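> All chains, please: the whole structure from these sequences, using the hints.
Chain order of the listed sequences is H and P.
Residue numbering for the first sequence follows my numbering, starting at 1 and increasing by one per position.
Residue numbering for the second sequence follows my numbering, starting at 1 and increasing by one per position.
Treat each hint with caution, since some may be false.
Note that identical chains are pooled: a pair holds if it fits in a single copy or bridges any two copies.
SDA-like cross-link-like pairs, simulated, lysine to any residue; straight-line CA separation at most 20 Å [said to hold, decoys possible]:
id, residue 1, residue 2
1, Lys11, Glu99
2, Lys142, Ser174
3, Lys142, His382
4, Lys283, Arg18
5, Lys313, Gly209
6, Lys283, His30
7, Lys78, Lys89
8, Lys89, Glu46
9, Lys228, Thr139
10, Lys409, Thr360
11, Lys78, Ala367
12, Lys283, Val20
13, Lys408, Glu358
Bear in mind the hints are in silico, worked out from the structure with no lab data behind them.
On a predicted model such as this, the values are computed, not experimentally measured, just so you know.
2 protein chains.
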Amino acid sequence: MEDHRPQLPKKTQELFERAVQVIPGGIYGHNSPANTIPGIAPYFAERAEGCRYWDVDGREYIDFLSSYGPIVLGHNNKEVNATADEQRKAGDCFNHPSERFVELAEYLVGSIDFADWAIFGKNGSDMVNWAIKIAREYTGRKKVIYIDGAYHGSGNWCPTRGPSGSIAEDHVHSHTFLWNDVHSVHDLVKRHKGQIAAIITTPYHHPGGADSVLPAEGFLQEIENVCKSNGVVFILDDIRAGFRLHHGGSHQVFNFTPDISCYCKAIANGYPLSAAVGRDEFKQAASKVFMTGSYWFSAVPMAAALTCLQILKRDKVVEHLQAMGKRLTHGLENAAAKYGLQVNCSGPPALPYLSFIEETNLMRMQAFCRYCMENGVFFHPHHNWFINAAHQESDIDEAINIADHAFKKVANKVPA
Amino acid sequence: MEDHRPQLPKKTQELFERAVQVIPGGIYGHNSPANTIPGIAPYFAERAEGCRYWDVDGREYIDFLSSYGPIVLGHNNKEVNATADEQRKAGDCFNHPSERFVELAEYLVGSIDFADWAIFGKNGSDMVNWAIKIAREYTGRKKVIYIDGAYHGSGNWCPTRGPSGSIAEDHVHSHTFLWNDVHSVHDLVKRHKGQIAAIITTPYHHPGGADSVLPAEGFLQEIENVCKSNGVVFILDDIRAGFRLHHGGSHQVFNFTPDISCYCKAIANGYPLSAAVGRDEFKQAASKVFMTGSYWFSAVPMAAALTCLQILKRDKVVEHLQAMGKRLTHGLENAAAKYGLQVNCSGPPALPYLSFIEETNLMRMQAFCRYCMENGVFFHPHHNWFINAAHQESDIDEAINIADHAFKKVANKVPA
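Right, dumping it as structure tokens:
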């Protein structure tokens, strides 16, 4: 019998076989090949530069995932690396924070309109989990309400990525509302009156494996009002979109004001750092909640963040991401239409999510991404993409050209 | 009225005043000056090299805290930095793991006797929290039992550092036993029969603000037996001591075998990485528990870890840490005795904890550390210290000499 399983290229195959021996699942978490196209997607990266990367078998890709977000200026950005190097010559992980710690807090407080203070960690989850603890400390209440289907990291309180390893008590006080449905928010707040510590939202809804949905007119403003009138802390999870839509935080694009906001991805161009900022009212509660980590005060990622954030502003990167994102999504929509395919590009152009309209089984999306990957463009089949500052018009056009061929193939071979 | 508050040096004072404006508590977590000697201890680090560092006012210290553990080879180790640089030239934070991910897992599996697989994160807490989820997934049970007073990171399940921000449900299934008291372990296991997912211990007891206590003969072996006969997962939190006592993990020093072991501090000489290893039996459960982070697959810290772990073995660093630790603790005990003071150095010499015998108010310890800090030796007053590979006999002797003067002053001026 013929073996129809896709053949991994030699080095990838060897390395994955070794990985499976010594690592649960071979590769786990958001990097698991099971989350992309097993057998087709690259499994291991070798090197990266600007908006391109190469896997261990030397296959080159135009990178439209930007490492799931951190790479906002392009891989191996020279200016960020130079500041990081400068700091590392002095030192990185000390007994104490460095001056960079204060400078970065000042920078965030200066650039995020409502921010009076900042704290730092390593992952998005660190910040979201800390923010929830601050809200519980401040309110003396237990419940956290969040958008149905939203991913807020792998903290125990948020079982979106499945319940494995968690216990009922972890999320007994977590409740969900429906995005853009004010009634479902009001219902929850009424049902749990006086018990809700925090409402947490993303600036727009970006669930896994589904279209992104922007906030309806007035929706986030209504959440802000509900929080104010019920003594609830409004936490913004701006980890994915933060600094890609506005250098002062995504809430400024959608005209609302949270109490605490969490950032990670785009803050330091891949150097490990996350941050949260908040209003003065919550500063004392924040100082009472003990959260820490061995490397949370390290100076190198903070130096990198200072440079990264300054470049984002100086080079008007937000505008560039939007322009390149628009060029890409318009190009993809037009290319698809040539072959009678209807695709939907949802979310802000800087973080586009592509889907085939009315497709429910992902067959066309998988076939499309497969063809693109095989021809040197890395599009993720069911996670939003991330434009970065290194993408130039020529890269976008090259990707659209490959996508054009992919759409043609999909239209001919994959039934709707 | 005269102001008796200690005067911070100029730059420190200025920077801390700025910090207080924009950061809860000014400096928080384990780095908070409130945890050392407020007003006296350095607050902000400027640079570090080998076993010495300088604060922002140019004050030089022999570093006996080694950044609370991560700096095992000395600050700015050239070999580790060179590998890290090499990797960074290729790339760090990709869409996929790098070859380093597999190599490091293989290295850990090859050097830790019971390990069949490895996983990675950024902080110690990441690994301990993941291990507990694996144990809950594997057993289908909820309860976690741990040593009274032990610090296992800032995860919600372990309220050792205070309950602020946590809710009762976070630790309703956490129960404590007394270190070296087999009866208290048996009692708990009997009381919660069939409900215990995990017993978690450190390789020896190193509570905050109290002497370290080595395991009594047979104690950890009895925990191992209890776990085996009750279907409980035995988790070792080797985050603090790991690779400082034995390059294959601290359990090998004390002759017991856990099911899962967690590492962080000494793994990559300050590059942000943590790891857990486990036996095959738990591999499937590990692959089912979703845990991830934006930077958890980054290649630079893994490259650094490979080099750091190889140097630890090649240079017999464990032996060096022990020899330097012994030289220091013997020197301190002898110096104290000259002035009629009795001090106790507890814990392994590589991670010594100094206290004044029968002192309950920490006045002498604070005065001792204050004098040492004022004269260029950073001893923490109530956290264990960490020897690193850069400490040479001359550094130790210099520190002992300063400590000698400090003991003399304490004996004369600070009542017992």
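> How would you label the pair Lys283, His30 (within, between, both, or neither) given a Cα cut-off of 20 Å?
So Lys283 and His30 pass the 20 Å test across copies only (18 Å; inside, 33 Å).
> Please work out whether the CA atoms of Lys283 and Val20 approach to 20 Å or closer within one copy, between two copies, in both situations, or in neither?
Between copies only: 10 Å across, 46 Å inside.
> Within, between, both or neither: how does the pair Lys313, Gly209 come out at a Cα-Cα threshold of 20 Å?
Neither way: Lys313 and Gly209 sit 31 Å apart in one copy and 46 Å across, limit 20 Å.
> Between copies, within a copy, both or neither: which fits Lys283 and Arg18 at Cα up to 20 Å?
Intra 48 Å, inter 15 Å, cutoff 20 Å: inter-copy only.
> Within, between, both or neither: how does the pair Lys11, Glu99 come out at a Cα-Cα threshold of 20 Å?
between (44 Å within a copy, 10 Å between copies)
> For the identical chains here, do Lys409 and Thr360 meet the 20 Å Cα criterion within one copy, between copies, both, or neither?
within (19 Å within a copy, 78 Å between copies)
> Have a look at Lys89 and Glu46 and pick one of within, between, both or neither, based on CA distance no larger than 20 Å.
Answer is between; shortest inter-copy Cα gap is 11 Å, intra-copy 26 Å.
> Is it within, between, both or neither when you check Lys408 against Glu358 at 20 Å Cα-Cα?
Within one copy, since 18 Å is at most 20 Å while 82 Å is not.
> Between Lys142 and His382, at a C-alpha cutoff of 20 Å, which is it: within one copy, between copies, both, or neither?
For Lys142 and His382, neither the intra-copy (33 Å) nor the inter-copy (33 Å) Cα distance is at most 20 Å.
> Can you tell me if Lys228 and Thr139 fall within 20 Å by alpha carbon in one copy, between copies, both or neither?
within (12 Å within a copy, 43 Å between copies)
> Please work out whether the CA atoms of Lys78 and Lys89 approach to 20 Å or closer within one copy, between two copies, in both situations, or in neither?
Cα proximity of Lys78 and Lys89: in one copy and across copies (16 Å, 10 Å).
> At most 20 Å between C-alpha atoms: does Lys142 with Ser174 qualify within a copy, between copies, both, or neither?
Answer is both; intra-copy 9 Å and inter-copy 18 Å each pass.
Hint compliance for this structure: hints 3, 5, 11 are not met, and every other hint is.
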